[in-house]
Amino acid sequence: MTRIGRLFDCLKRDGRKGLIAYITAGDPTPERTPDLVEALVRGGADLIELGVPFSDPIADGPVIQRAGERALKAGTTLATVLEIAAAIRRRSEVPLLLFTYLNPVLRYGLDRLAQDAATCGIDGCLLIDASVEEAQDYVAAMHRHGLDTVFLAAPTSTTRRLELVARYSTGFVYLVSRTGVTGERETLSAAVTPLIQAVRAVTNLPLAVGFGISRPEHVAELGGQVEAVVVGSAFVRLIERNADNPSLEIQLESFTRELKHGFGAHA
Amino acid sequence: MSPQPDASGHFGPYGGRFVPEVLMAPIEELEQAYLAAREDPAFQAELQDLLRNYAGRPTALYFAKRLTEALGGARIYLKREDLLHTGAHKINNCLGQGLLARRMGKRRIIAETGAGQHGVATATVCALLGFECVVYMGEEDMRRQRLNVFRMRMLGAKVAAVTSGSRTLKDAISEAMRDWVTNVADTHYLLGSVLGAHPYPMMVRDFHKTIGEEARGQILEAEGRLPDSVFACVGGGSNAIGIFHAFLPDAAVRLVGVEAGGRGTALGEHAARYHGGAPGVLQGAYSFVLQDDHGQIALTHSVSAGLDYAMIGPEHAWLHDQNRAEYTSASDVQALDAARLLSRTEGIIPALESAHAVAEAVRRAPAAAGQVFVVNLSGRGDKDIDIYRENFKELDES
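Protein sequences appear in the order of chains X and L.
Just so we're aligned: 120 in the working numbering is position 120 of the first sequence, and the numbers increase by one with no gaps anywhere.
Just so we're aligned: 182 in the working numbering is position 182 of the second sequence, and the numbers increase by one with no gaps anywhere.
Since the hints were derived computationally from the structure, they do not count as laboratory data.
Here are some chain L residues the structure puts well away from chain X; computed CB gaps all over 12 Å: (1) E69; (2) A222; (3) Q322.
Derived list of chain L stretches under chain X, where covered just means 3 residues or more per stretch with a C-beta under 8 Å from a C-beta of chain X: (4) 5 to 18; (5) 162 to 172; (6) 277 to 285; (7) 295 to 303.
One side only, chain X facing chain L, incomplete, derived with CB under 10 Å: (8) F54; (9) Q65; (10) P104; (11) Y108; (12) I128; (13) V132; (14) A154; (15) R161.
For glycine and all other residues, C-beta sits at the position ideal for the given N, C-alpha and C.
One chain only, chain L, in its complex shape (with noise of 0.2 Å):
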């Protein structure tokens, strides 16, 4: 496979720029910048510091020695993404755009969130390097995280409501690019997923990449062999690409993105766009979305607020189309029992949204003896534990 994306920001036919024309020459230059930064060594050196002393990467790669007995089957080993700085692997790419936005000369951040955890590790960014920063979060996702609201205003950053739509992830993002087309002079636009118009799927992939890189070594390392699946959960998709990259050559591991079954089938009860997507333009990318027979961007269902959302990354179709990686959903009960059992097993309450991962390692492992499993444990569960607590009601009852 050559390396994507081309230069006009294609990976193969997704992804392109579909933004307004106000947005067009600010993304061009963001391009420029992002480019000159990724050569530049003192803009490399300062993100791998920061990354190194303030995040805490490397993360471990740890073998799940009691859940591997109680599925009997594959070795599991977990990345341990949870455990950096502000819970999950956002932080990875919003050090590196908090950067590059110092590097442009901008004085103001905006983000879009869905669970939370891109609000959180944005609004740390912007306490570190001083910016002023503007989270954007659906009022229902809000109702859902919030204990992630409460920590992002005391990180210093103002939270403003999304009311419209179906007050998820979507709407965030709808309203963080009407912000940023009104204020572009001197405002980043830190978007948090590979989506987006070029250079976003590209500049965020590669900012995730170091978890791969890490994963590859350190599991030839503890196996001396390459793993024979990884898997991830994709909502836009961004851990899922940071760890699948580095296996990409590696033609014999399966790469296994795992996105949200909801409660159903139908459209609107899920977010699994491999199941009733078709290909189409939303918020600045071409690539996998589910719609109606109209081309209105359909509603989407998952327990996990940061895989609710209509679009699969661009490079993530393309993988698809290539059949470089593959793409399966877990329903919102195998994600709740997966991280019950995960909890149980290894004493590590894992997010909703790597549960989603966690469910599929499971679902396979019993029938995979022998074998080597990577699952990117994306983030940690403190901030689903009023979700974990409205599904296990019987743990509040002794």
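Just chain X, same shape as in the assembly (with noise of 0.2 Å):
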């Protein structure tokens, strides 16, 4: 079991929720994100999704598009992020998701990718353009290296859809709360409880939700229904706002612990 399976049996066990926090890995710069990701991890982050950087980011709305952006200019490829994770892991345990685009998986080579990132202290990993139709070879690699593979479930996922999801996914199941790009939203989509309910009823793994979640009432309404919830382009922004502020690590920290504290007594 990954340090994934183990947070998701441990907030079980405690009965707390937990906080996923995505940020592009490289943003600023590829020295700064394990300070960033500290920061985060002191503010209450249950797990760590590292975003790579891409080129062509077709579900990305435009705060992690300049991101991926910024993080490219500082030269920021693959092989950095994995060494990034190492940087990570030498001074936390916190559970680690690469979160990428497929191209530069396959450039880097399958194998190579998944033997390298369980040798950086990487839990698992999430393709964002990769159907489960089309994972197969991914999957087996992944789990040949005790990696776990997380799959997202969609609004318009047919129940057929939801039962591969579920299928293919160990770890827990990411469901992308409305059809549409990253970003922050003012509400939460009607359309996150149903699918929370068809999720639940092909699986019984860990459910996070993500897209559009960036405040404490976001955490706080959807606290109840899933094991966790996933806030990225509010930390994102925040980064990009604060890039040459000294104070960036404070305040990442402090904003983490704010929308920590919307799961209330589950925190």
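From the two separate chains plus the hints, produce the assembled complex.
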């Protein structure tokens, strides 16, 4: 079992909910990322998604697009992200999930990535643009090296598709709260509760909801329904606005804590 | 060769479906709707009627006598897709997908465009069938193709400027996909080339197959035999797959795809995927793509906006691997020269994209006496007049 599996076991045992934080690795620089992750963990983040920057991020809104551009400009590659993960792992036991588009992974090599990711202390991987149908070799490689494979479930997914997603997912299932790209929204989508029910009907895996979640009240609303929530663009925007500000780490830590308070008694 | 693609949308190892999960069910629905429409005589009858009476099919296969004489070799025929309504082959696919979108109950159509030809054809069909229309176009391409931007607006479409990345076709596709992922319930994405996730490469090919079917019959009638070579430019590769397809079983017919050689051989200076490309995933499909050592998609350059794209369509990658088609490139300068030669000898100003195909035929013709060439003249050059003016400054000076 990976650190991801152990995390969800712990959360269940303690009656707590998890906060998952996404940041784009290498934004603003690869050297800075481990410090930012440490701040997120101090604030109470339970799992970190390390985004691998990609030239053509079709599923991302403007905030994460810009973060990717900054990270690429700073020279970040998939190999760099693995080094970042190793640096984080030297300091922390926080579960790490690699969050990436497929092409950099194909270029690196599926098996080589699985092996190197495991060595660097990464616990699992999520491919944004690979359907379960196209992911057989990838799943086999990741599982061979003891890594979790997390897949996305969407409001548009049919029951047949949700069954496939559940079958190939380990660790947890990532529910996309709405049709659309990544980015902060004012309110939660009405599609999310029916989606949670539909996925519950096909799996016992823990569920995390992401896309459009950026405020403690969103966290509060979802905390009663799923095991974890994912916040991404709100963190990335904070990093964008304060990249040159020495208090960035302190701000990240306190925003994480604020979000975590959304869970109330389950924090 | 077995019929391609297979049931899961693969041409050999290429093609497939590489999109976020949100789009998977809608793409499955699109495939089902298309397969049903393809077998529906009423759908086909309406499409055939529009192709004939609205778009202007069949197009002529014209013997380019003075060009042939000027080169002194192969007998050169031009498949005149440039004579179609809106000025390029793109209308074939837009009419097909437009009727399909109506059948699926969509009310809004989005598209990407590079040179603007697909955008204009999409805007045209949306006006004809009453769809709301948004066309995504890179800011750089909007500058290069001002006339087409105005045409789209006059047809009632909204042209959305894309300012990310290289501000060309690739970025316009990404932005269209972001719109689609958000508005998938009521919106059809009218993809303009044999790219993207299955069923697009198959469906777009099917709507353009008529080009080759007509040309094959026409050349048999004109010459009493099949051509030795068929030439077409290849960006994504829709006009090329359209004219190649009917000739695939004719093993003796050489099929020549001409990519954009741009202004140099270094990565970033061209859009010739078989000069430095490698298999990879971009925007829904697995195929040959220009990329760096870390899997980041490379920037491309071509004087022709319609060929300025990092990936070749997956069926072309398959035809290349099977040695059934060959892929070469023409540089910016060669394409410009060919455009000028064709204008002067035949009174036909070609689109810059099509000029790449002409350039390769021009290069090979002198050594091919007794042979018959067919060149797909996929579009006309009106939209490129500004670029021609920039490159032929001496013509402005008298």
